[in-house]
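Protein chains in written order, with this note's numbering: chain A, 1446 to 2443; chain B, 15 to 433.
Everything labelled a hint here was simulated from the structure, so no lab data went into it.
Careful, some of the hints might be misleading.
[Claimed, not checked] One side only, chain A facing chain B, incomplete, derived with CB under 10 Å:
no. : residue
1   : 1455
2   : 1456
3   : 2031
4   : 2341
[Said to hold, decoys possible] Computed footprint of chain A on chain B; a stretch qualifies when at least three of its residues, placed anywhere within it, have a C-beta under 8 Å from a C-beta of chain A:
no. : stretch
5   : 18–26
6   : 56–65
7   : 165–176
8   : 275–285
9   : 333–344
We put the beta carbon where it would ideally sit given N, CA and C, even for glycine.
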Amino acid sequence: MATQSNRLPGGGEIDRGKPLTFRFDDKTYTGFQGDTLASALLANNVKLVGRSFKYHRPRGVFSAGPEEPNALVHLRSGDRQEPNTRATMIELYDGLIAESQNRGKSLRNDPQRINNLFKAFLPAGFYYKTFMGPFRNTRLWMFIEGFIRKSAGMGAASGLPDPDHYDQMSRHCEILVIGGGPAGLMAAKSAAANGARVILVDDRADPGGQLRYEQYEIDGKKGLDWINETVAGLEAMDNVFILRRTTAFGYYDHNFIGCVERVCDHLPEPEGNKPRQRVWNLQAGHVVLATGSHEQPMVFGNNDLPGIMLAGAVRTYVNQYGVVPGKRAVVFTSCDDAYRTAIALHDAGTTVVALVDTRKLDSSYAQQLLDRKIRIINDSAIVSAQGNADGVTSVEVHSLSGGGAQRLDCDLVAMSNGWAPALHLFSQSGGKTAWDADRNIFVPGDSKQAECSVGAANGNFSLKTCLEEGSAAGAMAASSTGFNTAVQAVPAVSEIHESAYEPLWECPDPAKGHPKKFVDHQDDVAVSDIQLAYREGYISVEHLKRYTTLGMGTDQGKTSNVPGLAIMAEARGCSIPEAGHTTFRPPYTPVSMGALGGAETGEHYMPIRRTAIDSWHEEQGCKWIDAGIWRRPRYYPQSGETIRDAFIRETGMTRGSVGMCDVTTLGKIDLQGPDTAEFLERIYINHWMKLPVGKARYGMMLREDGIAYDDGVTSRMSENHFVMTTTTANAVKVMANLEFYLQVIWPELRVQVTSVTEQWSAIAVAGPNSRKVIQKIVDIDVSNEAFPFMGASGCVAAGIPGCRLFRISFSGELAFEINVPCDYARYVCEKIYEAGREFDIVPYGTETLGNMRIEKGHVAGPELDGRTTADDLGLGMMMSKKKEFVGKRLAYRDSMTGENRKKFVGFVPADGKTPLKAGAQIVVNENAAPPVEMIGHVTSTGYCVEHDHPIGLGLIRGGLDAWKDRVVYMSYPLRNIIVPMKVVSPVFVDPEGERLHG
Amino acid sequence: MSRYSALEVLKGGLTGQKHWQRAWRDPEPKQEYDAIIIGGGGHGLATAYYLAKLHGMSRIAVCEKGYLGGGNVGRNTTIVRSNYMLEDNAHFYEHGMKLWEELSQDINFNVMFSQRGIINLAHSDAQMDAFARRGNAMRLNGIDAELLTRDQVKEHLPMLDYSGKARFPVYGGLQQPRGGTARHDAVAWGYARAADMLGVDILQNCEVTGFDIHDGKVQGIQTTRGAIKSGKVGIAVAGNTSRVCALAGLNRLPIESHKLQAMVSEPLKPFIDTVCTFGAGHFYVSQSDKGGLVFGGDLDGYNSYAQRGNLPMVAHVLQCGMALMPAIGRIRLLRHWAGVMDMSMDGSPIISTTPVKGLYLNGGWCYGGFKATPASGWCFAHTVAQDRPHRLNEAFTLDRFERGYLIDEKGVGPIPALH
């Protein structure tokens, strides 16, 4: 087991008493409680952690935070493997397993590192210019693409179902503070002082931000102590809610913020019933953005070697984790901040070979370095680095004023080109960024939503300003949400006033050679690629991004966008704000899709809707089928029966004696009020005003464009009370439509509509013996005289009062439908079954229901496909000429009428035997080569039990008038089927309708 | 300007890639053109290209208010297919498919058209029947289609949920093997470069502010870069069709603007080798060559011109995604964005003359504009040049709604947001 050779004996926030074992690739290491995977790897002097996207160049840890472009690993294994996980954000746990990615068998001997040798031939966008081949097809490209796809990508997904579960929560507050650094903590403190509900979100295990790794004193205390006190104070308040390990990833409309809490990611696997992660949907009166800033790198030759890191990150590893990432360091900077890295490294015992400063000025920290005998090389820049997969070995330094080149041996370069405010959330909120020419940074400009930025996120990096801005913003936020202002006193801090930052966006080339200067380390975008983009006219920043892939890696360019656009601005000869920046898209850092999906997945994705009789069907041994989100009995097989056997038996038994079917899923809408008949008159194509009480009527409604929409039976229960049924599929939509018409179009109509689909169960009883069965159940006389076809009445059913009986038929048989309040549905169902036993009653499912309606030529979903008119379906006669109704105005347009439309007909196979198939097209010529003229299609198919042959329904151009008794071909080329069939009337049983009137 | 080829790239490798010139010029607007196309997106650029190439017009301008390819051509989910059922759509999109198959060679720009196939999943017998109807129509129209069984789907898509826990089990699917994906930006850039080489002036940062129309005939346009004369002006600005048309006095169009979200995951090694659509929710997925899983969502549900979406739709898409494909749980979403859709009343586009003589309209693409790019440009060029539609787009007229000639592939009717 490797020793932690880079670990300091003391210092940092790690617990040396709690060693943790972990594996990276094939080696086992130890780290300590409090480490990240990155800090633990650095402690063990592991420099090579990954390979870049394109050239497979060696990559080491680059940062200490969410901006990490390089140190991406497979975390965990098996079905928990997470690709592209940033080592800098993984809290170390005992037994952690991580693997490097985007490599061959071995990270060190990755065969694809050969790409690096050909990098001159693989510039940005080379693939747009080649691989087309001389032939006018896609074959060469698709052959090459196979290799490109395998080479591209970074990590690999396991392909196995994710074993963990996820959660979503919503919460409101007056003030949401994003970021728990000094500015955020002060903001939370003053915002909460007078009772406003405050939520503080921080992406680490513990808030504190920079105070966790900087060596400041606040109020005469160590920064860390001040944090702990402040956090404890906030936690003690009832109106403050702190979310740790939570990243605010997206800022949406109406101050809606998406956050993800990594509930159990710091553990080997989720404990107990906890979710792995939880998405928080937060909505706030006011948002304080204390999101900090990202340090920007220097752009010089081979600046991507392992061991070249952001200076702030190096300081973090030293101060927070007690790790020195090298023995001999060169610090390279254009600002004062990195001087503190030189000091920290020196004080930790590392040799600081030199600090190279691009500026001529003396830093405020210069004296502290001189005291430590650290050499400062002003007005100079590193122009190239040398090294190998094990890291940087030396750097070449040039004076920026010409002359003096020198080589410095080192194994660590800590670089800083200043800090860029993290504007992601601000920009997502709709706010426009502004360029601050004095400070050379983009800062938040005018706000669009109720938010403000504070501290480093606002471009103010000094601790004192962070605290002041935080305090003021918290108070302002409280007052803007109706609470008294309570600016908290800002504690005194130890801090040096830093001298001005003078960015150097691109270092000059070395005297010899042109090593690639990387801007985007993950995607291997170098300065030369940006210059190529410029030469080729991809000069808009959006073109630059899309052409070179700059900033399109998993880090979304947090350390590459600003240098990239600055280099493009330089090439164009325009200013940085003129060049502009690309859009900051959510999420701020990538969010697992499991978390975004939340808990409503698997069986909980659109939960199953069951009728009140569901358990009875189950006991009858039914086979189920999904009907939208309902489940319905499809058929009730007896032993050894196929589905075909079963529905033929059920059909025969029903038509021969009696059958029963659960039709609860049909939409049921209760309409009441004095204008209900008038309302129906406008909704349906047929007449309703004169429908007598106690009568049902079949109705059809159209869409506004005149196309058939939905059909069903509506009954008049009393003068001002109607009950409507709709198809199962359209139950919700029709209800919404009725509401729309009543609320928006005809608010003057006195009608109330209520969906009662859930309140009533419905059982159809059909067949010649149905009357005998029903008469045993209900308390009213159901003889043909007393209760003729289309009768509707209240009744007591099996002793249950308040039921309803309708004499309606979908099967074409003598039939009844009984509606029962849901709580009694199963009881009544059993009673009907018992009553029917002497007639061998059968329960039937959707298969038989469908077959019988096909035999009878009733239209249903496949015919009502959103393209057919009432006339197409043979229902044109129902359309009243005497009144207006929804869809009438448009129903008579030229193209929607006439003989050439496809009309509803029936089919029988010419040989009387071959089954027909729904989904087949109809052609005239059985041997024509494509394109073949299609004159219609088969919508529904079944088996006519009485006549003992297959049947079909469909639509054919010209309808029966043109085709009656003629032979056409059912063409199903997907299965190489072509069947001659005869066009017939769509009504196959009882065409005169004697049975249902009987 | 040099042709793109492997040899040129190799040559560049030896010379520091210094020999490449601008992919397109940055010209000053001329006073007058034979035709002006408004909109430097895929359709506008393709139109200009085909006008120049096939209709012998040499003085053509494309006016783009921002940077070319900044609209939906660079915001879509890159899917190319011609798996349509209705006759008018089938022939139009299949013509497009044939153009796609030769596009890289035709415009000398690798648009990376990858014919990896598209599979629409079915989750019920009724859905299988509906797909069969479509697939049979495709076959009879000469378009490739396969009806896959559940087992065949499993061979192509092993990462779907085939367990008993799947809420909507996979019954099978309809496959178009020639469908696939293309690199969306490359389509815009490739057409731009090819058009530019034929002399088309691409005017970026040139926003149209008005039309000069006299006696019902267009004479030219006003732009932020000055007035430009032309007797033929084509509008191809899907997403903003209503706004631009209003400038020409066409105030009532059968179009609503909605925003549609799309999203992409972190880059992964090959995970899914075809395009796949869920049949029981709003979810479809493919994988880009860079490795990102690309997902499309549904409309956010309110009319908007914003190119940004809200979180509920993202959550909804990933609920569907997790229901279908629980293996994506630990993959991370990298980026999500939105495009503004021209949603038409029947879900089909408009490529048409207008009541104003010399003014032509291309719009109403709903979700389907990207795959239509070549066919749309080809047909629109014909319409602009000949002042009448080609047989392939004669159904897609602006007046079809008055006539009741609906081309409603989904059958959901005159509610644009539902298409």
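Status of the hints after comparison with the structure:
1. 1455: violated, 37 Å
2. 1456: violated, 34 Å
3. 2031: Since the shortest Cβ distance to chain B is 6 Å, the answer is holds.
4. 2341: holds, 4 Å
5. 18–26: holds (count 7)
6. 56–65: violated (count 0)
7. 165–176: holds (count 3)
8. 275–285: Since three or more residues must qualify, the claim that chain A covers the stretch 275–285 of chain B holds, with 7 doing so at under 8 Å.
9. 333–344: holds (count 10)
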